[in-house]
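Asker: Chains as they are written, first to last, in the numbering used here: chain A, 419 to 662; chain B, 1385 to 1646; chain C, 227 to 489.
If you are wondering where the hints come from, they were derived from the structure by calculation, not from laboratory data.
Warning: the hint list may mix true and false statements.
Said to hold, decoys possible - Using C-beta positions, here's what the derived DEER-type ranges look like: (1) L1396(B) / D559(A): 24 to 30 Å; (2) G531(A) / V1623(B): 52 to 58 Å; (3) V1623(B) / I468(A): 38 to 44 Å; (4) L626(A) / F1484(B): 34 to 40 Å; (5) L626(A) / E1413(B): 44 to 50 Å.
Note that CB positions come from ideal geometry on N, CA and C, so glycine has one too.
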Amino acid sequence: MSILRKLLITILVLALWEALGAAGILNPMLVGTPSMIARAAMKDGTTFLIASRFTLVEILSAGAIAWTLGISAGVIIGARATSALIISPLLSAMIAVPLVVLYPVIVAWTGIGPTSKIIYGAATGFFPIALTTISGVSAIDRRFVDMARAMGANTAQVIFQVMARLALPAIMSGLRIGSSLLIIAVVQSEMLSATDGLGFWISYHRSLFNVGQVYFGICLVLVLAAGLNGLLNYCERRLRLQTA
Amino acid sequence: MTHQLSTQKIWLARLWRAGFVLGLALVWETSGRLAWIDPELLPPLSRIFKMLGRLLSDHRFRGDIVITVLECLTAFLIVVPLGLFSGFSLAESPKLYKLFSPVLQLLMTVPKSIFLPVFILLFGIDFSEKVIFAIVLSYFIIVPTGIAAVQSIPSGLVAMARSFGATQSQIYLRIYLPCAMPLILSGVRLGLIFSMHGIIFAEMYASSEGIGRNILNWGESFDMERLFAAVMLVLIVTVLINETLQAIETYARRRTLSGAMH
Amino acid sequence: MNTTPHHVVDVSHLSKTFGDGKTAFRALNDVSLQIKQGRFVSVVGPSGCGKSTLMQMISGLVPTTQGNIQIDGKTITGPQPEKIGVVFQDALLLPWKTALENIEFPLSLGDTPVAERQERARNMLKLVGLKDVGHRYPHELSGGMRQRVAIARGLVRNPSLLLMDEPFGALDEQTRTRMWGELLRIHEQSGTTILFITHSLVESVFLADEVLVMASNPGRIIERIEVDLPRPRDLKLLGSERLGNLRNHIWDLIAKPDDEIDA
Chain A
419 MSILRKLLIT
429 ILVLALWEAL
439 GAAGILNPML
449 VGTPSMIARA
459 AMKDGTTFLI
469 ASRFTLVEIL
479 SAGAIAWTLG
489 ISAGVIIGAR
499 ATSALIISPL
509 LSAMIAVPLV
519 VLYPVIVAWT
529 GIGPTSKIIY
539 GAATGFFPIA
549 LTTISGVSAI
559 DRRFVDMARA
569 MGANTAQVIF
579 QVMARLALPA
589 IMSGLRIGSS
599 LLIIAVVQSE
609 MLSATDGLGF
619 WISYHRSLFN
629 VGQVYFGICL
639 VLVLAAGLNG
649 LLNYCERRLR
659 LQTA
Chain B
1385 MTHQLSTQKI
1395 WLARLWRAGF
1405 VLGLALVWET
1415 SGRLAWIDPE
1425 LLPPLSRIFK
1435 MLGRLLSDHR
1445 FRGDIVITVL
1455 ECLTAFLIVV
1465 PLGLFSGFSL
1475 AESPKLYKLF
1485 SPVLQLLMTV
1495 PKSIFLPVFI
1505 LLFGIDFSEK
1515 VIFAIVLSYF
1525 IIVPTGIAAV
1535 QSIPSGLVAM
1545 ARSFGATQSQ
1555 IYLRIYLPCA
1565 MPLILSGVRL
1575 GLIFSMHGII
1585 FAEMYASSEG
1595 IGRNILNWGE
1605 SFDMERLFAA
1615 VMLVLIVTVL
1625 INETLQAIET
1635 YARRRTLSGA
1645 MH
Chain C
227 MNTTPHHVVD
237 VSHLSKTFGD
247 GKTAFRALND
257 VSLQIKQGRF
267 VSVVGPSGCG
277 KSTLMQMISG
287 LVPTTQGNIQ
297 IDGKTITGPQ
307 PEKIGVVFQD
317 ALLLPWKTAL
327 ENIEFPLSLG
337 DTPVAERQER
347 ARNMLKLVGL
357 KDVGHRYPHE
367 LSGGMRQRVA
377 IARGLVRNPS
387 LLLMDEPFGA
397 LDEQTRTRMW
407 GELLRIHEQS
417 GTTILFITHS
427 LVESVFLADE
437 VLVMASNPGR
447 IIERIEVDLP
457 RPRDLKLLGS
467 ERLGNLRNHI
477 WDLIAKPDDE
487 IDA
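The shape of chain A in the complex, shown without the other chains (with noise of 0.2 Å):
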């Protein structure tokens, strides 16, 4: 019921939207309609799958730098008082700093390819993801810690078997923020200065006024976005639903 009522909205809003369009109340340069969107996916579809996938790829490759970078800093951090008080507070005031600002540099230093967006992405995910786990990994029941050491747990095995895992809620959600901060840094980038992706494609086509591209590539943008997001919840929830 509800499913269809959505449906059908959905439905009502394409064909208003296509209705102004066609009737001249939007003007065609500046705000695309679906049928110029479907246009756009007919003739330059194939352009933009590659493009999304070589994204996915720079996406993906930033991610496991930032979330490794970012859970194992933040559990070493965490893990002692004295360390969590003096770094974090540098952390936190890196988070409101406009990273973009880097992103010349990182070109300067790496060149225009995909490095540069792997990077870039890594580095605006590293920060809030470390920053999370660090406050979740100090936020935990000490007592625990004097547990495990009691049964004869070392260094290691405290930090990454007890501590890492009692903060892991905070953990996740630290992940998700950073994660979904990491796709949008790399679209971004690609828009700057990129030789492919999404963002580069998005950007020529704005420079060339192909409106209906312009809207495809962020429609596709946004299901590439959406659906890594979506794919981060579920995994939050079945590792909830695991630990319980």
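Model the placement of chains B and C on the given structure of chain A, informed by the hints.
Answerer: Below, chains B and C alone, put in the same frame as chain A:
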């Protein structure tokens, strides 16, 4: 045994932090001086700051700074009241909340920055386009803060004031405002920070002026000293603004908390 | 050095000071105690008398300032998981592990083969009377069950000493009484030496062969009391005159030094 933070410990941590930053700066400086890293790629800090000084006295760059600051301030001054008022209205009216929260939640999850090309198609490449983009970007971050601000008001206090015969405007002014102050201030801070993020990205993407444009140009022409000087400027300014506003926020939070306890 | 081999625990002239200079705080002053194999010794005292500090030092979590702690004739310098099992106040079971996995935890930290680990954990589960709930997670267990799992975890490495730090402090009275009976049975069956820290006078007398009464400022042992109640002990003993007299005696000791009621 005791995990309470003494002021002594906090100051010690500050000292360590300052030492850490200083050490980092020192490594940076020497790495350039001793050419561990090509100084063409990573100029020593001293040269960057010297260049920053030169840029700040250059009237053309100063003009760019003025434009960026004006854009940020315009966006900030519009979006903070707008966002906080929207959040306040939504939190106060269940009807409005029911009507708008699904749309709002959808728009909050949508990445705004990829719509920048659409803003350019609609508004061209000028002052208003950047300001509008920054407003849209920040708005969806401030609204939830506004909602949280209203929700942070202890309902017991409102009931207490009402039982003593306070009028609605007295309740807003004397209960809501002081109780919600910490979160209002954090809305202000987020508004300013994200306005800056939006403006700088918009300038870098397409613009003929502003700090962001310069950063991108100097990057593309491998003018590393100027590039790093401008990056350093943005970094220092944002960190300073953020830390100042956060300190005010913490102060306000402590005041509300201690007020609630007595 | 008077290392008599049949003393499982030998603490001599133990002192602990926290901080230094003006803010120095003497938590423990010249504490000595010996426990023979198989005995059940309880330590009772008002809060702040340093009994938890004593426990943390014996478990090797907190370094000593002065004095010496020997377990099985060897001076300890850190946690001794193979010699000492510890049971904490709030069970402290890992929430993502089942009851059985929690009991396996101390073994999993070393290199015990998985099969042996599970076998030993299952035996422990049987000992504490929970053999049917091994697959349950901590949040699916009652408070008393959780504490029994914690006892099983403490015993799984077959330690010389089981150190219990107010293990029943967070339980309601009925559950606690039932746990006393359980603990007495477990002690009898396993024959493990137990050092039991508590602030409950009745508990300290009812469970132990010997009660060490502590006082605060600085934390010290002010009296040792042999409990001559017969074993095996029955819960009915709780209402007996002999137990009541011992309890009152300890109360007089603790209440004497400062008869003001503190907040």
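Asker: Could you run down the list of hints and mark each one as holding or not?
Answerer: Going through the hints against the structure:
1. At roughly 25 Å, the beta-carbon separation of L1396(B) and D559(A) lies within the given 24 to 30 Å, and the hint holds.
2. At roughly 31 Å, the beta carbons of G531(A) and V1623(B) sit outside the given window of 52 to 58 Å.
3. Between V1623(B) and I468(A) the C-beta distance comes to about 40 Å, which sits within the given range of 38 to 44 Å.
4. Distance hint check for L626(A) and F1484(B): the Cβ-Cβ separation is about 37 Å, which falls inside the suggested range of 34 to 40 Å.
5. At about 46 Å, the CB distance of L626(A) to E1413(B) agrees with the hint of 44 to 50 Å.
Hint 2 from the list above is the single one not met by this structure.
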